[in-house]
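Chains as they are written, first to last, in our numbering: chain X, 149 to 569; chain W, 149 to 569.
Mixed in with the good hints, there may be bad ones.
One copy or two, either will do: identical chains are not told apart, so a pair holds if it fits within one copy or between any two.
In silico DSS-like links for lysine-lysine, alpha-carbon gap of 30 Å or less [what the hints assert, rightly or not]: (1) 313 with 263; (2) 286 with 562; (3) 234 with 205; (4) 210 with 398; (5) 562 with 252; (6) 185 with 352; (7) 210 with 234; (8) 243 with 185; (9) 243 with 210; (10) 447 with 287.
Because the hints were derived from the structure by calculation, they are not lab data.
Here the structure is a predicted model, which is why all the values come from computation and not from measurement.
2 protein chains.
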Amino acid sequence: MKFLRYTAAIAMAFCFALNAQPQQSNAFVPSEHGLIKSDREDGRFISSRRVLQAMLKNTEPKYAFNPAFSPAEFRKWQAGLRQAMKDIMFHPDIKNQPAPRLLKSEPRKGYTIEKWEFYPLPECVSTFLVMIPDNLQKKAPGVMCIPGSGGTKERLASEPPIEPKFDENYHNDKIDMGLSYVGMGLIAVIVDHAAAGEASDLEKYTLGTNFHYDGTARYLLELGWSYLGYDSFLHAQVLNWMKQDKRINKDRLIVSGFSLGTESLMVLASIDPSIYAFVYNDFLCNTLERAIVMTEPDKNGIRPFPNTIRHLIPNFWNNFNFPDIVAAIAPRPLILTEGGLDRDLNIVRRAYELAGHPENLEIHHYPKFSDPRSRIDLNTLPEGINRDQYYDLVNVDRTSHYFKAVTILPWMKKLLQRDAR
Amino acid sequence: MKFLRYTAAIAMAFCFALNAQPQQSNAFVPSEHGLIKSDREDGRFISSRRVLQAMLKNTEPKYAFNPAFSPAEFRKWQAGLRQAMKDIMFHPDIKNQPAPRLLKSEPRKGYTIEKWEFYPLPECVSTFLVMIPDNLQKKAPGVMCIPGSGGTKERLASEPPIEPKFDENYHNDKIDMGLSYVGMGLIAVIVDHAAAGEASDLEKYTLGTNFHYDGTARYLLELGWSYLGYDSFLHAQVLNWMKQDKRINKDRLIVSGFSLGTESLMVLASIDPSIYAFVYNDFLCNTLERAIVMTEPDKNGIRPFPNTIRHLIPNFWNNFNFPDIVAAIAPRPLILTEGGLDRDLNIVRRAYELAGHPENLEIHHYPKFSDPRSRIDLNTLPEGINRDQYYDLVNVDRTSHYFKAVTILPWMKKLLQRDAR
Chain X
149 MKFLRYTAAI AMAFCFALNA QPQQSNAFVP SEHGLIKSDR EDGRFISSRR
199 VLQAMLKNTE PKYAFNPAFS PAEFRKWQAG LRQAMKDIMF HPDIKNQPAP
249 RLLKSEPRKG YTIEKWEFYP LPECVSTFLV MIPDNLQKKA PGVMCIPGSG
299 GTKERLASEP PIEPKFDENY HNDKIDMGLS YVGMGLIAVI VDHAAAGEAS
349 DLEKYTLGTN FHYDGTARYL LELGWSYLGY DSFLHAQVLN WMKQDKRINK
399 DRLIVSGFSL GTESLMVLAS IDPSIYAFVY NDFLCNTLER AIVMTEPDKN
449 GIRPFPNTIR HLIPNFWNNF NFPDIVAAIA PRPLILTEGG LDRDLNIVRR
499 AYELAGHPEN LEIHHYPKFS DPRSRIDLNT LPEGINRDQY YDLVNVDRTS
549 HYFKAVTILP WMKKLLQRDA R
Chain W
149 MKFLRYTAAI AMAFCFALNA QPQQSNAFVP SEHGLIKSDR EDGRFISSRR
199 VLQAMLKNTE PKYAFNPAFS PAEFRKWQAG LRQAMKDIMF HPDIKNQPAP
249 RLLKSEPRKG YTIEKWEFYP LPECVSTFLV MIPDNLQKKA PGVMCIPGSG
299 GTKERLASEP PIEPKFDENY HNDKIDMGLS YVGMGLIAVI VDHAAAGEAS
349 DLEKYTLGTN FHYDGTARYL LELGWSYLGY DSFLHAQVLN WMKQDKRINK
399 DRLIVSGFSL GTESLMVLAS IDPSIYAFVY NDFLCNTLER AIVMTEPDKN
449 GIRPFPNTIR HLIPNFWNNF NFPDIVAAIA PRPLILTEGG LDRDLNIVRR
499 AYELAGHPEN LEIHHYPKFS DPRSRIDLNT LPEGINRDQY YDLVNVDRTS
549 HYFKAVTILP WMKKLLQRDA R
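Same shape as in the complex, but just chain X (with noise of 0.2 Å):
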């Protein structure tokens, strides 16, 4: 079963090619020109991007999780991804700056919900929200919310937006973050990104909630630093802010990242070993793979890149990669809500054994590929696919991508009883 819908995919990915008989004979065939292959015989390539196609293979992460790996191997190596993780993502060491402070508390429903400001460089001010439940009886559990690409905190609260630009039409179950955990007695705190909602730049006029993340991330690159690494910057500090407040229990911090947000959730959870949980709410990857087997052309014999330079991050690929990072969690509470290849899952499984807690890690797909038997099985994706071929190998369902609180809240649940004490 596995085989034939793998089959039928690379048939698929192959179609366009045989029907497409081209009129001319030197009519471009995007996808005739999708593999790449030295035709020389010592192998090597006079095309720079096949060279970089070649280096790319060539990478061995320094930090690739070994199944083999003894308990004291498995810590030694995580601890050496914790200094890589610090190393490539340059928080500076700032000091001097104000603390932070409350700009407004309103009661809502249920719970009140704080606005604060802070001050994580000499040039910068940002913001979060802070939703507390009536009637807290002692210290709470803290969520850190971290939204997904176009998201704003605002929609994560359920709060109206603070430009009219930024109001979307969304169904509220399938973004409202934070209104599930401080619904469940949790206090949720809740952040923006870098350059997107409260700190995007003149998008309030033109493009709304379509934030143009990459004027920031490139600047920061010239500078020797990425996006990834302001970002989760950014987020540390009001992770820094949390364990001080009087009204959050500090030994249970969680972060909580959708889609784009699980990105810093990776950087915190490598370099912060006091959090307790992590919700990640993604599909999880190899993105080094992604990028080596995504070359299939466009029309103008361009290849894809995977992603935009938001996520470029200098030297990440030399060290691990993301199944790496998620595996390097273990033992600490995760779940993992939207599946992909079990290859790469299963190497989060084994860490987990590894650390002697496989029971602190869930893992769910999309829907539609709960069913073991519906899912996409491979060790090796084929090279020279397209965007859409890849989503259909790890099993992504795009049309499905979103808070998924139906299994998140009763995990959520279930492991802050069992640890309740």
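Given the coordinates of chain X, work out where chain W should sit on it, guided by the hints.
Okay, now just chain W, sitting in the frame of chain X:
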């Protein structure tokens, strides 16, 4: 006169804003949003793009030239800049690669043209052309010719294109760098840029010489390298070949860069003190300042990048800017062919004075701006401008950007005669 011309340019800059009174009060007028200013008392920004604007403005290049240097301080600064350039270019130390190989040698009118293959990296083969004047009596100076964007080594050598789509209608006398040099008795060694010409990918089927440099640049950046680091590494290998070729006088190595080629020139000049002289065929500018002032958004509210990620070198601006690097070439012979702001050119002039050889520097402007009274002479550029305004303010005549044989050849002839002993 200078002031008048400047005032006219600034007035032009705002005239669109004045004429185009919005029909609706909420229409977005880009020119009204060029300038980035904090509206807070503490001067902070909440918009990430604006935070980055402040960070760019606070960036102090470590190796900024100081006109008050003593000669000893100048030499120390020069050595520091050299090391910093090596550090951020990441040229690898590759061993055990095959020696370069002659592929073919063909007679032309007055010279022989050779094509060579070399092996800069285990994954990579690359090529260069050599033009050798007939009747060589003794070792001749060797000049490395580096094309501009969209250029190929074949065009610079007046050879037929390697692909039909790379054939462009161009004026020979404005591009034939190689032919010009070989005509005056030099050995011309001509290279491609990474991702261009023979090193391009699928452009021979589609875009022709509109090469997609960024596909290569992106993956280089991911791996902790950069387009310029890779490009200049390839060119450095060709330079190494030149040093050992029996026909070339290794004490008379010259690097001649056109447009994009000046970037590799600057790297080679910085890291290799054995190069004798340089032809910088472009205008000179301060690229950090360009990024700071060129912030007028487009109709979608997106502020421009001055250029593509082909030019993104992490930590470049933390270390230096183009005028600093060019100043550090002193006292080696140098001609700049297309001017810029006198402010920036004066940095280079001062360096040559400090180094004791002002006679080794020759500076020309675009013909349109050869009369000093026709040039804008600013110390500070206004912020919030667009690309056209920027070029106008720094004396760039975009219709006149080509190989300036008319100034370069007499300069080089005189120089080589002077130093011929």
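Comparing the hints with the structure gives:
1. 313 with 263: within (21 Å within a copy, 59 Å between copies)
2. 286 with 562: Within one copy only: 19 Å inside a chain, 86 Å across chains, cut-off 30 Å.
3. 234 with 205: Both, since 25 Å and 26 Å are each at most 30 Å.
4. 210 with 398: Neither. Shortest intra-copy (32 Å) and inter-copy (41 Å) distances fail the 30 Å Cα cut-off.
5. 562 with 252: Neither. Shortest intra-copy (33 Å) and inter-copy (74 Å) distances fail the 30 Å Cα cut-off.
6. 185 with 352: between (46 Å within a copy, 17 Å between copies)
7. 210 with 234: both (14 Å within a copy, 24 Å between copies)
8. 243 with 185: Classified as between; 24 Å across copies, 52 Å inside a copy.
9. 243 with 210: So residue 243 and residue 210 pass the 30 Å test across copies only (22 Å; inside, 32 Å).
10. 447 with 287: neither (58 Å within a copy, 49 Å between copies)
Checked against the numbered hints above, the structure violates hints 4, 5, 10; every other hint is satisfied.
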